[in-house]
Amino acid sequence: MPPSAGLGDRLSRLAQRHAPVIFPAPAVAVVALIIVYPVLYTGWMSLQEWFASSLTPPHFIGLANYAQILTADARFREAFFRTLYFAALVVAAETVLGVAMALLFNREFWGRGLIRTLSILPMVATPTAVALIFVMMYHPTLGVMNYLVTRVGLGPFTWTYSSRTALYALALVDVWEWTPLIMLIALAGLAALPKEPYESAVIDGATGLGTLRHITLPLLRPIIVVAILFRAIDAIKTFDIIFVMTQGGPANATETINLYLFNQAFAYFNMGYASAIAVALFAIVMGAALILMKVRRTAW
Amino acid sequence: MVARAGHVGFRAAPGARRRRAAARTIRTAGYYALVAVVMLPTVFVFFWMVTLSLKTQVEAAGYPPHFFRFALTFRNYPEVFARNPFLLYIGNSLVVAAGSTLLGLAVGLPAAFSIARWRQSALALTVLVARIVPGISYLIPWYILFRRLHMVDTYQALILAHLVVGLPLIIWVMIGFFEDIPVELEDAARIDGCSHYGAFLRVALPLVRPGIVAAAILSFIFSWNNFLFSVILAGRNTRTLPIAVFNMIGFEEINWGPLAAAATMITLPVIVLTLLVQRHIVTGLTFGAVKR
Numbered sequence: 001m002p003p004s005a006g007l008g009d010r011l012s013r014l015a016q017r018h019a020p021v022i023f024p025a026p027a028v029a030v031v032a033l034i035i036v037y038p039v040l041y042t043g044w045m046s047l048q049e050w051f052a053s054s055l056t057p058p059h060f061i062g063l064a065n066y067a068q069i070l071t072a073d074a075r076f077r078e079a080f081f082r083t084l085y086f087a088a089l090v091v092a093a094e095t096v097l098g099v100a101m102a103l104l105f106n107r108e109f110w111g112r113g114l115i116r117t118l119s120i121l122p123m124v125a126t127p128t129a130v131a132l133i134f135v136m137m138y139h140p141t142l143g144v145m146n147y148l149v150t151r152v153g154l155g156p157f158t159w160t161y162s163s164r165t166a167l168y169a170l171a172l173v174d175v176w177e178w179t180p181l182i183m184l185i186a187l188a189g190l191a192a193l194p195k196e197p198y199e200s201a202v203i204d205g206a207t208g209l210g211t212l213r214h215i216t217l218p219l220l221r222p223i224i225v226v227a228i229l230f231r232a233i234d235a236i237k238t239f240d241i242i243f244v245m246t247q248g249g250p251a252n253a254t255e256t257i258n259l260y261l262f263n264q265a266f267a268y269f270n271m272g273y274a275s276a277i278a279v280a281l282f283a284i285v286m287g288a289a290l291i292l293m294k295v296r297r298t299a300w
Numbered sequence: 001m002v003a004r005a006g007h008v009g010f011r012a013a014p015g016a017r018r019r020r021a022a023a024r025t026i027r028t029a030g031y032y033a034l035v036a037v038v039m040l041p042t043v044f045v046f047f048w049m050v051t052l053s054l055k056t057q058v059e060a061a062g063y064p065p066h067f068f069r070f071a072l073t074f075r076n077y078p079e080v081f082a083r084n085p086f087l088l089y090i091g092n093s094l095v096v097a098a099g100s101t102l103l104g105l106a107v108g109l110p111a112a113f114s115i116a117r118w119r120q121s122a123l124a125l126t127v128l129v130a131r132i133v134p135g136i137s138y139l140i141p142w143y144i145l146f147r148r149l150h151m152v153d154t155y156q157a158l159i160l161a162h163l164v165v166g167l168p169l170i171i172w173v174m175i176g177f178f179e180d181i182p183v184e185l186e187d188a189a190r191i192d193g194c195s196h197y198g199a200f201l202r203v204a205l206p207l208v209r210p211g212i213v214a215a216a217i218l219s220f221i222f223s224w225n226n227f228l229f230s231v232i233l234a235g236r237n238t239r240t241l242p243i244a245v246f247n248m249i250g251f252e253e254i255n256w257g258p259l260a261a262a263a264t265m266i267t268l269p270v271i272v273l274t275l276l277v278q279r280h281i282v283t284g285l286t287f288g289a290v291k292r
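Residue numbers (the UniProt record's numbering), protein chains in the order written: chain R, 1 to 300; chain E, 1 to 292.
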């Protein structure tokens, strides 16, 4: 037997033994390159002062960027509260509407499949295209939205065209896009509910509203919290629709942290400071996620 | 409700029974009316997008707007192609979405298999955190790196960037599918002399084919839709559709027909693909946390 066959055998035995390392190795390499390295780099860059537009190299300034974010940057503070307000607003609206819709659709009826399919479309439709359509619908004089609201005796509104209403107009787009997610998740939860509590409730003479409040909603709570968790994470990071529709305006009225961060990084090329904001935004998203996961465990 | 109606009903007069039947019909009609009202906003936005794309410039900007009775025109679609290199943008979007999806599958499938088989939760968690990290945190280092390597405005840079969206999605969707394969099946294959690699290629992969299709389509859709990474890393040669349409807004201001036509053309492939995998969309969006 030639020695090369022995080597081949040994190699294949080695490959067998280390299969648990070899299988994920390419993914680990890619994740290290495109996820872990950039995140660490951002952390490192957040301790520097550097304008990518200038020829001066980055120089280390310690935690000065963070100090400025926390104490001296009024624009960040406004963006921070605006982001939380926007996220709380859309997630609350989506949860109430989504759960209500799930309760409405949770029965056999002709066309149920069609409803499910239609509900998925706002979530997957290209956000840029959706934003574009809303830009046209929101037009203050020619838009169809003002036509519709004046027909029912409201408005006309200024939608994204005034600083007073712009954030709400954007929230409406987000609610349009993402209420179906909560609805579909809640619907999946309703389908998995046990039957027994309802049977004993009927024996106890409970009313429809009573079973909803005391049985359905408490049983549904864990899965609704999961839905809220996913929505909260993404709502805080909302970018596409805001950038396309208002770019943070008018007069910074819709500048969330993500938009401010984008401007610092790619309008002012203030990379060090932008990196520090990116770390802060990550901390905020993580904080919201952790709070929600805690809520999931504790009983009400 | 039904039980009570039956109770009272078995000795009731025919007239009363008819009245109850009528009441039930009204209730059903009321239910469907409510369902229709609730779904109206969802449908209306798409309806408005498509009808705007079929209106003339005068009609599209006409007030009050016409919902059903307007002169149909298809000229907006060729106009989009005439005024922009729209075919190039479509090609760019296809290359980037397909490239990042294929790369994501090549790397993600063995990883998901391995995570499901050997419970490698550290890798799974890292990938999950990638879903939480704000996109711009990646974008700043990439931008600096790719600019230094002269890779801004290349397909490679965009494909790698879009992998950040696609790879975690693929891995998490596929973990669920691989976990559903009974371990005995794979052990049997190993006893029959298959290596781990043979068991993966010849036993596991064919069993999860529906999952692969779903994961691939989801990854494709999210790359196709991606705006943030492309707006910075794409250039004149690699500009993808969302960026192209965004750039059209400034120029077109009030000429809505072509804009709506472009929006319709971007959205259409996504909708077609969605119809193929709609059962898995929610699973994908929640990273397997919610299964149907």
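These are calculated hints, taken from the structure and not from any lab test.
All figures in this text were calculated on a predicted structure; none of them were measured in a lab.
Just so you know, not all the hints are guaranteed correct.
Pair ranges (Cβ atoms, derived) [to be verified]:
1. R:V21 x E:R202: 40 to 46 angstroms
2. R:S53 x E:A33: 35 to 41 angstroms
3. R:K195 x E:Y31: 35 to 41 angstroms
4. R:D9 x E:V129: 39 to 45 angstroms
5. E:A106 x R:Y37: 44 to 50 angstroms
6. R:R213 x E:G62: 55 to 61 angstroms
7. E:A98 x R:T207: 54 to 60 angstroms
8. R:G208 x E:R190: 53 to 59 angstroms
9. E:M151 x R:A67: 55 to 61 angstroms
Only some residues are given here: those of chain R computed to face chain E with a beta carbon under 7 angstroms [stated by the list, open to error]:
10. L132
11. V152
12. L154
13. K237
Cβ atoms here follow ideal geometry from the backbone N, Cα and C, with glycine treated the same way.
Legend entry - Violations among the numbered hints: 1, 2, 3, 5, 6, 9, 11, 12
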